[in-house]
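J.: The lines below spell out each chain.
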Amino acid sequence: MIDLLATHFNYLAVVALLAIGLYGVTASPNLVKKIIGLNVFQVGIFLFFVTSGFVDGAAPPLLGHGSAPYASPLPHVLILTAIVVGVSLTAVALALVVRIYDAYGTLDEDAIEEVRTYD
Amino acid sequence: MSGTGSDGVYVESTIIMTTVRVIAPFVFTFGLFVMFHGAESAGGGFQGGVLVAAAVLLLAFAFGIDATRAWLAGPLTRTAIAGGGAAFALIGVGAIVLDGAFLEYVAYDVGSTGVKYGIELVELGIGAVVSGVLVGLFFSLASGDFTTSTGDAPDNERDAATPGGEEA
Amino acid sequence: MTDALPLLVVVPIVFALAPIAVDRVRENTGWLAAAAAAVAHLGLSFSVLGTVLGSGRTSYAVGGYAPPFGIELVADGVSAVLVVLVSAVTLATVVYARSVGPRSNTFYSELLVLTAGISGVVVTGDLFNLYVFLEITGLATYALVATGRSPAAALAGLKYLLVGTIGASLYLLGVGYLYISTGTLNMADLAGLLPAVGYDSPVLLTGFALLVVGLGVKTALFPLHTWQPDAYAESPTSVTAYISALVSTAAAYALFRVIYTVFTPTFDAAVPAALDVLVVLASVSVVVGSVLAVLQSDLKRMLAYSSVAQFGLVVAGFAVVNQTAAIGGLVHLVGHAVMKAGLFVAVGALATVAGGRTVDDLAGMADRAPVVSGAFAVLSFALVGVPPAVGFAGKWHIVLGAVEAGRWIVAGVAVVSTLLTLAYFARVLERLYFRDAPVAAGVADRPDAATASDTDAALTADGSGSGGAAGADNNPVDAVPTVPPQARVVVVVAAVAAVVLGVFATDLISVLEPVVEVSFQ
Amino acid sequence: MTSEAIVLAAVLTFSALGAAAAILLRDVLNAIIAFAAFSFGIATVWVLLAAPDVALTEAAVGAGITTVFFLVTIAKTVRPGGERLFERIEWRSVAVVAILSGALLATVGSLPAVGAADAPVATSPVTEYYLANAYSETGVENAVTAVLAAYRGFDTFGEATVVISAGVAVLLVLRQEAYV
Amino acid sequence: MTEILSLRPLAAVLLPAIGVLAIVALRRNPDVREGATILTALATFGIVASIVPATLSGDVYVTRLGTLVPGIELTLSADPLGMIFALVASLLWLVTSFYSIGYMRGLDEHSQTRYFAAFAGSVGAALGVSFASNLVSLYVFYELLTVATYPLVAHDESETAREAGRKYLTYTFGGGVAVLAGAVLVFWTTGTVAFTPGGIAALASADPVIARAAFALLAGGFGVKAALMPVHSWLPDAMVAPTPVSGLLHAVAVVKSGVFGVARVVLDVFGPETISELGVGLPLAAVAALTILVASVIALRQDNLKRRLAYSTISQLSYIVLGLGILSPTSLVGGLLHIPAHAFMKLTLFFCAGAIHVETHTDNISEMAGIGRRMPVTMAAFAVASLGMAGLPLVAGFVSKWYLLIGSIDSGTAVFAGVLFLSGLLNIGYFWPIVYQAFFQTADDSDAKPLVEFPLGGQRVRADGGDPVDRDEEDDGTAGGDDDQTDPADTESSAGDDQTDPNGGADPDTGLDAGALIDTTPTEGTVEPDIDPSEGESQVELEAKVEGEYAVDRHPSDHRRDERGDDDPAPADAVPDTEHHADGTDDGHSHHGGAPASGWEARGFGAETTWFMLGPITVAAAGAVALGIAPRAMVFLAVIQRVVFEVTGVAV
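Protein chains in written order, with full-length UniProt numbering: chain X, 1 to 119; chain R, 1 to 168; chain Z, 1 to 521; chain V, 1 to 180; chain P, 1 to 652.
None of these hints come from the bench; they were simulated from the model.
Quick caveat, the model's predicted, so the values are computed rather than measured.
Check each hint, because a few of them may be wrong.
Unchecked claim - Pair ranges (Cβ atoms, derived): (1) X:Asp-3 x Z:Pro-195: 25 to 33 Å; (2) Z:Ser-55 x R:Val-110: 53 to 61 Å; (3) P:Asn-29 x Z:Thr-482: 20 to 28 Å.
Unchecked claim - Result set (SDA-like, lysine to any residue): computed pairs, CA atoms no more than 20 Å apart in a straight line: (4) P:Lys-167 x Z:Val-415; (5) P:Lys-167 x Z:Arg-427; (6) P:Lys-167 x Z:Asp-298; (7) P:Lys-167 x P:Pro-230; (8) P:Lys-167 x Z:Leu-419; (9) P:Lys-167 x Z:Val-291.
Just so it is clear, CB atoms sit at the ideal spot from N, CA and C, and this is done for glycine as well.
Turn these sequences into a full structure, and let the hints guide you.
T.: Structure below.
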């Protein structure tokens, strides 16, 4: 068990981040914090990928700037792309939040629900 | 962020303005460097684009969003976006025209360094897109006067603007 | 190797840039760019289809880097059929949006980006590339949903964004699980490497589960469908028609790729329980979706829940894992897209004329919009599964495949769903054709019925009383809205396509079949 | 456990705490600050995992642009009153989260150890091909850039599309016609 | 049997489809539109008839339309069995087309274009059913038939009609789905669904459980349209449709497509041998026998003429199924021959009912006393057809029943012979009073008919029949299958109240009051077990009688208001007490049922109604007689004998 903790700590962190993120998305009453949760959730997945490309003692994959072993560049590429996707999603989500606030005057999910049923 | 409100909450601060005036060109240059230098070290079009956008954002914080917006008004942003995207696409399609596959830099047949130049052009395109979009996003989010605006937005909007204040 | 494959993605994006570049200089730029892109896309799709029909499966190495090192695009029978579908629906949407909007340049840019995203999902042969295109699709869809005028549209868009992003992220995590155990992302390469890892390894099983759940969210399978009814109901009709036809379809197609190309039927043989679970999930989706559809009074919501059910059927066909059912799933996937898009456009058109879009609002609309009503009727019966329309061809294969595989639950559910589908369409048709329009609803005559207010009168009023009042208020006789001709064209084309596809289902199947056959070898 | 691993574990723990704080802090501004701290922590993690490109991006995006966007948003909207420091715990969400984490935790043991040189990713022909040929084929020293722009250029094209799409999307959502 | 590639079967199916287009295109000009109907019908019949010589000489015209789904061809083949149905449908469509014109114009009905278009579509689908060469193609047309008929059932656009339409769709689609499931099972076990005279060989060796399940699904599915009990109740409700529809579709095309489906299953999918090995023939025959008897009993208790005819149809259709279930060659001939025989006779009867309705707006038998004076030819034709129904010689019914009788005795199931005798008596029981009172009584001296007035039975549908307020119970709303019941009915029923009600004491007293009467849900427990629940509404009346009188009679205005509570926007009648419109049926034309106060006037030959109606009536009646006198000359018997010979190898 201790051994597992030592060798697989990153994955435990992955699960922790996923859990925190998912909790944030589902439990936060505030729409902005839901989006924060979404970001945390995605970072959990990024961590999973980057960890998968890591080798003990590896140098960054700047060929010629270090010596083997290098970390696998592929996961880094994937995560770069995923980060960009993530920030784009965040921007759109925040724009939606701004518009929702404009219409309902609140960012509290329950309050919005109340307003809607009241309409 | 003292400069956020498009409605005049912005308070001029000499220290910030001076600092930004000094820093912004450096940030901008560093952004361009990162964009171009992605081939040799960490960095690339995306990171560089973000930094370039950050420089603009700094200006906006220092000199006020409206002032910066007025300064940037015109086709600059959308040219950056459309031009960057088109550059990327055209480099890809150009390879097809030259009988290669999409994005096959080798097809340009400009020697062994050709690939590298192709990659750097692509990075530049991405940088243009990213900086353009991020600047655009920032101003869009910050402006917030919607054509749909129902006019019932509560007054506390302005109050809320202040505590957001001093960041970044 | 055909250059049309990457161009399917690149061309719409290049055209999407045009309105951004010109911006407000010309009002029409957006529509013109979209129309040009749609036509070009259609040409490319047919060229891909031609290539596939001529030489079978074709692979394209982007950048000239051979897979698995570079990204591979794949054109086979299934993807060729789907890109043609994408082009056709795009073209129809562009035509339709000309009359009903939205008209802004940004709308058309986003629509083209969405087209590019879906095309990418369809042609890619790489799991991570698929993720990127899923996200392009998703992002564009969230924004398009929010183009609806109501504040609820923004809320629906955000809800969709949150749920959809969680789904896509779970998919990405699933890709991570496969990647960490094989080191590759190429679908074909993975298919070769997975058996060595061991299909019953917990890592692969978790990966599979994550992929399925992630795509299940995007496909809107029950109980992961929660975003879907709001998104469909709140977005403008042109958007609803487009996303109902293609977005969930793309996700279901991705699921097909995961099950058949990546995991292959040998996975089912090794771990039958995995797909049993999916069969149950899909079957529940069929039944619950249909029942919920029956309970709706808002037509767009009804059609939305209907999609939940129909995609349940499609996925059930996939999850049965035999050749016949898989083909049935694919046929229904294509057929459903055509039928549902037509139905949404028809509902949009009818709702414009009727001044409301609940079931009761449509009373007597057959007289005022005969063509659209007729097409709606044809599409409804097609979706119910009345032969020879395409709905039948899909269901037949799914049921037959399910029986062959001994998955009686799927066969039973498919049969039950037919009746439930009939239930929610029949009441609409009945309102359309066999009830008088409520406009002149003898309001003067009505007080005695209204004031009589005994239980009987209340019971028999059946909601038409209120519908009548609303109709009378909203529709002054002198300003009766009419069905835009573009809508009429689109609906009729959809109806004809649904029947023609059904009549030529054999040809459709002969294009799809080789793909499924290969995965069973 | 090597010293690098201990540092990594410490930074990861710090980041996770930052994330938890961002979720649990009731005041949104505090939450955003916690989120920025979390992003810095994660950027450090990327450096420790030999991913400087990702680290640079995370710093620029997570701690930079994303945070600015969050701040602009709350400046345009409203923060809930801060009578409590932390949110109440939603037990239903906890249950949902527990299912996911339980399922994932069950597989952690089956995953290859962190940094194992014989892990499938490290030994995969794809990784080896990139490390062996990226420089000679592209003339680019940064293998990440080579893979990003050349081998997986189509992904990157998609990425650029996402960015453009987001730009257009925000205009659509906010019903504006022009960027500036 | 040689197959000849020909486009004729396709033409027969396509012509009505083209007719649909023509009818829709010509909607602006009703006369030309009707011309299109007649021309199409004529051409269609011509094509079908042109195939007959080939059929008699053993050739089969086949049109191949390619593959429907892999492994299953979409082929139309005019084999002898299909020809029977095709001939009946196309010939009678022609006759009915004329009648439709007279009927629809006589009543000045709305939506006539839709009506004629759907009619042509239905016949096209029916021809497709007859020429389909395998189960799946059959299913294709079977479902199309459902879709095409639905607008006809719901034509009236009243709540009752919609209710009936809904029920029709539900029942028949349910049946269709069962057929599809059965077809899947057959395809799965044998790899083919093509019709093969004598049965698909592989089914004989298939797993008996699966084979039985497939048979149950197929027979059950087709049984819905064949109105086998207990899935028959859509048929009486569908009588809300205009009478020509009831006549052609619900006595000929639609219900016969169900029966025809059963015939296909018995003869060409399983084959008599396999069926008797599986032991599923007897249950089928038993269901049919039960249906014959129960439906006849129910028919006795209907006062509405069309409803009585509907139950008669249910009963008569089961003759065919009975013949198919008994499985002996002779009974097969009898069963199949009953397809045309019943078609001619029942069509005559419906035509008569329709003519009466158009001319006098009378729908209830109790109001028809003396109507023979008013409509002599019509009622004479009615009498002839009734005799045929009962199986008396010289009319078509006799021949088919004769074969059935011989067949059932041959095969050692004499109990079915008993059923046939008994049902013949019941037939006389429910037809004779109509004929008798039409000719030999007048409105004034008509007495209560014992069977009709039997206290348990609903002597007539309640005057406000089919009130939709009961719709939450499945079988209500069916009540008013037909239009307009009127005050005289109420009066008469009040007369009936004088009789002691033996069951009255057993009925739970639900404490009815004026308001509660209508939506009282009949308690099923008080209905006799063998009686269809749709008779529930009579129970309401019984309960009303316990109260002493009808709430309706006490508060006529309340009553009317209740009825109009639904969506029907038509303004109500201005004059109370003279007429009660049944709900929703009174759009545009109001009816006065029953004899005028002065009694039925006498009209001479040809003056009773238009020739558009009289002509078809006489033709149909003549057909029924011709089929009875010279069955062989009418082609049908010869074709049927060929069918049975091909299937069983026995020449009958």
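J.: Next, verify each hint and record whether it holds.
T.: Hints, one by one, checked against the model:
1. X:Asp-3 x Z:Pro-195: 25 to 33 Å: At roughly 29 Å between Cβ atoms, Pro-195 of chain Z and Asp-3 of chain X fall inside 25 to 33 Å, so the hint holds.
2. Z:Ser-55 x R:Val-110: 53 to 61 Å: Given a distance of about 33 Å, which is not inside 53 to 61 Å, the answer is violated.
3. P:Asn-29 x Z:Thr-482: 20 to 28 Å: 25 Å, holds
4. P:Lys-167 x Z:Val-415: Holds - the C-alpha atoms of Val-415 of chain Z and Lys-167 of chain P are around 18 Å apart, at most 20 Å.
5. P:Lys-167 x Z:Arg-427: 11 Å, holds
6. P:Lys-167 x Z:Asp-298: 23 Å, violated
7. P:Lys-167 x P:Pro-230: Satisfied, since the Cα-Cα distance of roughly 14 Å is no more than 20 Å.
8. P:Lys-167 x Z:Leu-419: 12 Å, holds
9. P:Lys-167 x Z:Val-291: Holds, at about 18 Å.
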